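Protein chains in written order, with my numbering: chain A, 8 to 345; chain B, 8 to 345; chain C, 8 to 345.
FYI, nobody ran anything at the bench for these hints, they're computed from the structure. Please read all numbers here as calculations on a predicted model, not as lab measurements. Don't take each hint at face value.
One copy or two, it doesn't matter: identical chains are merged, so the pair holds either way.
DSSO-like mimics (lysine-lysine), calculated; alpha carbons at most 30 Å apart, straight line [what the hints assert, rightly or not]:
(1) K29 <-> K333
(2) K340 <-> K21
(3) K73 <-> K52
(4) K153 <-> K200
(5) K200 <-> K70
(6) K10 <-> K52
(7) K109 <-> K334
(8) K200 <-> K284
(9) K195 <-> K345
(10) K345 <-> K334
(11) K317 <-> K52
(12) K62 <-> K73
(13) K62 <-> K52
(14) K340 <-> K200
(15) K53 <-> K73
(16) K9 <-> K334
(17) K9 <-> K62
(18) K53 <-> K9
(19) K333 <-> K319
(20) K195 <-> K174
(21) K73 <-> K200
(22) K174 <-> K333
(23) K120 <-> K195
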Amino acid sequence: MKKWTLGQLAEHVKGSVHGDPKAVIESIATLESAQAGDISFLANKKYTNLLATTKATAIVVAKEIKSEANLLIADDPYFAFSQIIILMHGHRQHPQTGISDKASISDSASVGKNCQIADFVTVSANASLGDNCVLYPGVFVGADTKISDNCLLYPNAVVYDKCTIGKNCIIHANATIGEDGFGFATHKGNHHKIPHVGSVILGDDVEIGANACIERGTINDTVIGQGTKIGDSVVIGHGTRIGRYCLLVPQVGIAGSAVMGDYCAVGGQAGIVGHIKIGNQVQIAAQAAVINDIPDGQTVVGSPAIDASKAKRAYSLIEYLPEMRKKIKDLEKRLDSK
Amino acid sequence: MKKWTLGQLAEHVKGSVHGDPKAVIESIATLESAQAGDISFLANKKYTNLLATTKATAIVVAKEIKSEANLLIADDPYFAFSQIIILMHGHRQHPQTGISDKASISDSASVGKNCQIADFVTVSANASLGDNCVLYPGVFVGADTKISDNCLLYPNAVVYDKCTIGKNCIIHANATIGEDGFGFATHKGNHHKIPHVGSVILGDDVEIGANACIERGTINDTVIGQGTKIGDSVVIGHGTRIGRYCLLVPQVGIAGSAVMGDYCAVGGQAGIVGHIKIGNQVQIAAQAAVINDIPDGQTVVGSPAIDASKAKRAYSLIEYLPEMRKKIKDLEKRLDSK
Amino acid sequence: MKKWTLGQLAEHVKGSVHGDPKAVIESIATLESAQAGDISFLANKKYTNLLATTKATAIVVAKEIKSEANLLIADDPYFAFSQIIILMHGHRQHPQTGISDKASISDSASVGKNCQIADFVTVSANASLGDNCVLYPGVFVGADTKISDNCLLYPNAVVYDKCTIGKNCIIHANATIGEDGFGFATHKGNHHKIPHVGSVILGDDVEIGANACIERGTINDTVIGQGTKIGDSVVIGHGTRIGRYCLLVPQVGIAGSAVMGDYCAVGGQAGIVGHIKIGNQVQIAAQAAVINDIPDGQTVVGSPAIDASKAKRAYSLIEYLPEMRKKIKDLEKRLDSK
Numbered sequence: 008m009k010k011w012t013l014g015q016l017a018e019h020v021k022g023s024v025h026g027d028p029k030a031v032i033e034s035i036a037t038l039e040s041a042q043a044g045d046i047s048f049l050a051n052k053k054y055t056n057l058l059a060t061t062k063a064t065a066i067v068v069a070k071e072i073k074s075e076a077n078l079l080i081a082d083d084p085y086f087a088f089s090q091i092i093i094l095m096h097g098h099r100q101h102p103q104t105g106i107s108d109k110a111s112i113s114d115s116a117s118v119g120k121n122c123q124i125a126d127f128v129t130v131s132a133n134a135s136l137g138d139n140c141v142l143y144p145g146v147f148v149g150a151d152t153k154i155s156d157n158c159l160l161y162p163n164a165v166v167y168d169k170c171t172i173g174k175n176c177i178i179h180a181n182a183t184i185g186e187d188g189f190g191f192a193t194h195k196g197n198h199h200k201i202p203h204v205g206s207v208i209l210g211d212d213v214e215i216g217a218n219a220c221i222e223r224g225t226i227n228d229t230v231i232g233q234g235t236k237i238g239d240s241v242v243i244g245h246g247t248r249i250g251r252y253c254l255l256v257p258q259v260g261i262a263g264s265a266v267m268g269d270y271c272a273v274g275g276q277a278g279i280v281g282h283i284k285i286g287n288q289v290q291i292a293a294q295a296a297v298i299n300d301i302p303d304g305q306t307v308v309g310s311p312a313i314d315a316s317k318a319k320r321a322y323s324l325i326e327y328l329p330e331m332r333k334k335i336k337d338l339e340k341r342l343d344s345k
Numbered sequence: 008m009k010k011w012t013l014g015q016l017a018e019h020v021k022g023s024v025h026g027d028p029k030a031v032i033e034s035i036a037t038l039e040s041a042q043a044g045d046i047s048f049l050a051n052k053k054y055t056n057l058l059a060t061t062k063a064t065a066i067v068v069a070k071e072i073k074s075e076a077n078l079l080i081a082d083d084p085y086f087a088f089s090q091i092i093i094l095m096h097g098h099r100q101h102p103q104t105g106i107s108d109k110a111s112i113s114d115s116a117s118v119g120k121n122c123q124i125a126d127f128v129t130v131s132a133n134a135s136l137g138d139n140c141v142l143y144p145g146v147f148v149g150a151d152t153k154i155s156d157n158c159l160l161y162p163n164a165v166v167y168d169k170c171t172i173g174k175n176c177i178i179h180a181n182a183t184i185g186e187d188g189f190g191f192a193t194h195k196g197n198h199h200k201i202p203h204v205g206s207v208i209l210g211d212d213v214e215i216g217a218n219a220c221i222e223r224g225t226i227n228d229t230v231i232g233q234g235t236k237i238g239d240s241v242v243i244g245h246g247t248r249i250g251r252y253c254l255l256v257p258q259v260g261i262a263g264s265a266v267m268g269d270y271c272a273v274g275g276q277a278g279i280v281g282h283i284k285i286g287n288q289v290q291i292a293a294q295a296a297v298i299n300d301i302p303d304g305q306t307v308v309g310s311p312a313i314d315a316s317k318a319k320r321a322y323s324l325i326e327y328l329p330e331m332r333k334k335i336k337d338l339e340k341r342l343d344s345k
Numbered sequence: 008m009k010k011w012t013l014g015q016l017a018e019h020v021k022g023s024v025h026g027d028p029k030a031v032i033e034s035i036a037t038l039e040s041a042q043a044g045d046i047s048f049l050a051n052k053k054y055t056n057l058l059a060t061t062k063a064t065a066i067v068v069a070k071e072i073k074s075e076a077n078l079l080i081a082d083d084p085y086f087a088f089s090q091i092i093i094l095m096h097g098h099r100q101h102p103q104t105g106i107s108d109k110a111s112i113s114d115s116a117s118v119g120k121n122c123q124i125a126d127f128v129t130v131s132a133n134a135s136l137g138d139n140c141v142l143y144p145g146v147f148v149g150a151d152t153k154i155s156d157n158c159l160l161y162p163n164a165v166v167y168d169k170c171t172i173g174k175n176c177i178i179h180a181n182a183t184i185g186e187d188g189f190g191f192a193t194h195k196g197n198h199h200k201i202p203h204v205g206s207v208i209l210g211d212d213v214e215i216g217a218n219a220c221i222e223r224g225t226i227n228d229t230v231i232g233q234g235t236k237i238g239d240s241v242v243i244g245h246g247t248r249i250g251r252y253c254l255l256v257p258q259v260g261i262a263g264s265a266v267m268g269d270y271c272a273v274g275g276q277a278g279i280v281g282h283i284k285i286g287n288q289v290q291i292a293a294q295a296a297v298i299n300d301i302p303d304g305q306t307v308v309g310s311p312a313i314d315a316s317k318a319k320r321a322y323s324l325i326e327y328l329p330e331m332r333k334k335i336k337d338l339e340k341r342l343d344s345k
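Bound-form chain A, shown alone (with noise of 0.2 Å):
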């Protein structure tokens, strides 16, 4: 097993060694797992008790952390650390399978160079794929679709006609991308599904969780920028545009035509109903359902969703109003009574 001193993984990461730079590290682990050989880190403050604890030969920490323990110190250690990985255990390697006689290619798709192309893979009539693109088995790619270099499309992912994938993308396993969006005009009764003219772009450096879905636009297309992170089991709505650089943990669901700024975070099954505007650097809790348009910086909680700094307070007293309620009705009894 390969094997790093303190000093090297520091250097490696710009970071300086308190304690002994000649420590030898075989591998990462959490601090409380970590073995002899194992580098840790030290995400959030509130766990800096474990430093005393913890049997990792070195910890990567900020600058303000003070221990006994060899430490690693970073200006941002998270990111420090996961060079370390990177380092270490490098991304997942990828069957060099090149184009298997068992997929199947529209004679007029093209392929770039250097294509790992499985089994069971379709690739429909004037798709294109750019250089060192890895389809998995399963994996589907629409009529007229163009997916750019280095993309990476895990099994039975699924990409309908005429969507763009940018550069360096990720879609897991089971995602769906351009698939026709919820639109139908109900007209005595009856709901008449509206084609979906609209198709799914996706920026540079986009990952897609598995079994998340894209919708396609009615008519304008639906966009996700560049350098944004979608989780597992997210719905975004038809011809919904969002920014660049932003986070959406698994199991949200962003309804049609809105429309979110950059380096926006939504937490886990968070809702946000169509036709409204995020700004930028919008932070929206887990579980909340946005209703109304959220300006630039602003943090929401709650279903509904209101500022961070009124929500947690005031959500937290929903257990009280039996109390409350009680209360009132004592006073109205001392008053009635004086």
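Following the hints, complete the assembly by docking chains B and C onto the known chain A.
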């Protein structure tokens, strides 16, 4: 590119023209993104001000809208606009693959006329497909399942055994129909699997969203009525019966043995507990939690769900709970000190 | 059609007969839909009145139920009834395909005895399957993944690399096991992907619903304990450990690094934040939002989740907030005017 006059479009949708019936239309667009040559539509009166600034050559509107712009006046503007989209763009054209040699079709299965069965499709023993069905790659049709005429199954959609799919149904990618319900008999702490003897029956004209799941029934069938549309990632529990012409938006969850009437609409992420009865024409808001029967025609909002006439104001007051609690304390002090 | 006497069925489930042990039973049905020849069951005492009107030839009931009908009395009626369903219908029979020539099985993979591997299945390098496994079409088994004896993977289920699946597990269609967790190190606004070195380990007798997602761990493994059953579209976050014999109903979401004990039950659409500890025998209601540790044996309800003994009344009072607020104002006025 094909072109139409406004007069031709009005005739097509049985509407009337206000303005120039010879205005030439080439495409569709939203009011904000429209350019000369586009036709757009006004779906919601609150956006009437956009009529003054849109660059659209004409706009589909309801009778009561007044404007100097070229108008196509229709009784049901959204339906009229959807007819224009269909006229101009049509519905998706599917690859005319015939029956692929790379599909796996049981000798005991029957396949109707003019079906398109793509590579890597499985049609199991004794399954039957009607005429004009389109099965995209990776679709699985289980044993003894019947798929009626004109059905469309997108890539990697799965229909388990012994299900019945009506005519003109659309099942989107990665949807699952007919899996075993979440049914276990817990005995001495161990959860024993119950065979699911029931099936799934979809009526005619049903559409099932990507990654949606329709559980088969334990004893009785799970039934989705004619013309009902189900969004992405919806889960319908075992033995539940949904009526005709309902709309279930993405991420809705309905537990087992519930009954829903006709013409209901359920908002995103709403949940309905099992074994309850929802009437006809019921509206359930997004993220609502329905735990009791709902009579015909009621609209409910919130978790727990209450009548919409009360709910909007009631839930909006959660924000004021801290203030209310403080006022109660103040009142108590004032009374104490009298 | 095979027939049984009520006496034979009682013997099979170790119950006793009240009424005619020679009554002939041919099938199962619910109380409402039963016809002569059917056996039904009473799951919930509140439906006892149905015993008077059901056409069932016999009903499985608990000891304390009294009726003139033919009764099969059992200690655990639902379990007894499930044994009768199994006796009459058995579990699903799977196609005996052997190992298909159209499956893609790596030379370095190992396959146990008596496996059924359908067309379009992929078993990757160094993967291993135990004896008697059934893999439906489109299933993907990643490199170095171990699937133990008697497992059942439905169509298009995906198991990524290096996962471990215990004996007798069932994985439904379009489920995803072992995808990368939602883990990014955000540095200067950009979200850098963290390799997920951890894996997924399913214990014996686990069932995973259709379209469910079990993320692999970042450092530690994601673990699902023996006998735990997970519903459709559930998402389990990276590094989370679920104990044994838990029930997680459809659309539940549990964030990363959470720990749940044994014998817990979680209702539909409930969410649990990451890094918290749920004890044993905890009950979490549908749509609950769990943001704090929960001790053994507690039942919680609501978003945010509070103890069930308070929650039902507290949440039901949200409806009365407008009235309460008005009363507070009235009290203030009355006091002001004194």
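These are the hints, each one checked on the structure:
1. For the homomeric pair K29 and K333, neither the shortest alpha-carbon distance inside one copy (67 Å) nor that between copies (60 Å) is at most 30 Å.
2. In the homo-oligomer, the alpha carbons of K340 and K21 never lie at most 30 Å apart, since the shortest distance is 70 Å inside one protomer and 61 Å across protomers.
3. For a Cα distance limit of 30 Å, the shortest separation of K73 from K52 inside one copy, 11 Å, qualifies, whereas the shortest one across copies, 62 Å, does not.
4. Proximity of K153 and K200 under a CA criterion of 30 Å is satisfied in both settings, with 26 Å inside one chain copy and 23 Å between copies.
5. When the C-alpha separation of K200 and K70 is checked against a cutoff of 30 Å, the pair qualifies only between copies, where the shortest distance is 24 Å, while the shortest distance within a copy is 58 Å.
6. In this homomeric assembly, K10 and K52 come within 30 Å of each other (Cα to Cα) only inside a single copy, at 28 Å, whereas the closest approach across copies is 66 Å.
7. Taking CA atoms no more than 30 Å apart as the test, K109 paired with K334 passes in neither setting, with 74 Å inside one copy and 73 Å between copies.
8. In this assembly of identical chains, the alpha carbons of K200 and K284 lie at most 30 Å apart whether taken from the same copy (26 Å) or from different copies (28 Å).
9. Taking the shortest alpha-carbon separations for K195 and K345, neither the intra-copy value of 62 Å nor the inter-copy value of 60 Å comes in at or below 30 Å.
10. In this assembly of identical chains, the alpha carbons of K345 and K334 lie at most 30 Å apart whether taken from the same copy (17 Å) or from different copies (17 Å).
11. When the C-alpha separation of K317 and K52 is checked against a cutoff of 30 Å, the pair qualifies only within one copy, where the shortest distance is 25 Å, while the shortest distance between copies is 34 Å.
12. For the identical chains of this complex, K62 and K73 are intra-copy neighbours only, at 17 Å inside a copy versus 64 Å across copies, given an alpha-carbon limit of 30 Å.
13. In the homo-oligomer, the alpha carbons of K62 and K52 lie at most 30 Å apart inside one protomer (18 Å), although the nearest pairing across protomers, at 56 Å, exceeds that limit.
14. Neither within a single protomer nor between protomers do K340 and K200 lie at most 30 Å apart by alpha-carbon distance, with minima of 60 Å and 57 Å respectively.
15. For the homomeric pair K53 and K73, the shortest alpha-carbon distance inside one copy (13 Å) is at most 30 Å, but the shortest distance between copies (59 Å) is not.
16. Neither within a single protomer nor between protomers do K9 and K334 lie at most 30 Å apart by alpha-carbon distance, with minima of 68 Å and 66 Å respectively.
17. Taking CA atoms no more than 30 Å apart as the test, K9 paired with K62 passes inside one copy only; the shortest distance there is 20 Å, against 65 Å between copies.
18. In this assembly of identical chains, the alpha carbons of K53 and K9 never lie at most 30 Å apart, being 33 Å within a copy and 66 Å across copies at closest.
19. For the homomeric pair K333 and K319, the shortest alpha-carbon distances inside one copy (23 Å) and between copies (16 Å) are both at most 30 Å.
20. Only between protomers do K195 and K174 lie at most 30 Å apart by alpha-carbon distance; the minimum there is 20 Å, versus 45 Å within a single protomer.
21. Taking the closest pair of Cα atoms, K73 and K200 come within 30 Å of each other only across two copies (29 Å); inside a single copy the shortest separation is 63 Å, beyond that limit.
22. Proximity of K174 and K333 under a CA criterion of 30 Å is satisfied in neither setting, with 61 Å inside one chain copy and 55 Å between copies.
23. In the homo-oligomer, the alpha carbons of K120 and K195 never lie at most 30 Å apart, since the shortest distance is 53 Å inside one protomer and 32 Å across protomers.
Hint violations for this structure: numbers 1, 2, 7, 9, 14, 16, 18, 22 and 23, all remaining hints satisfied.
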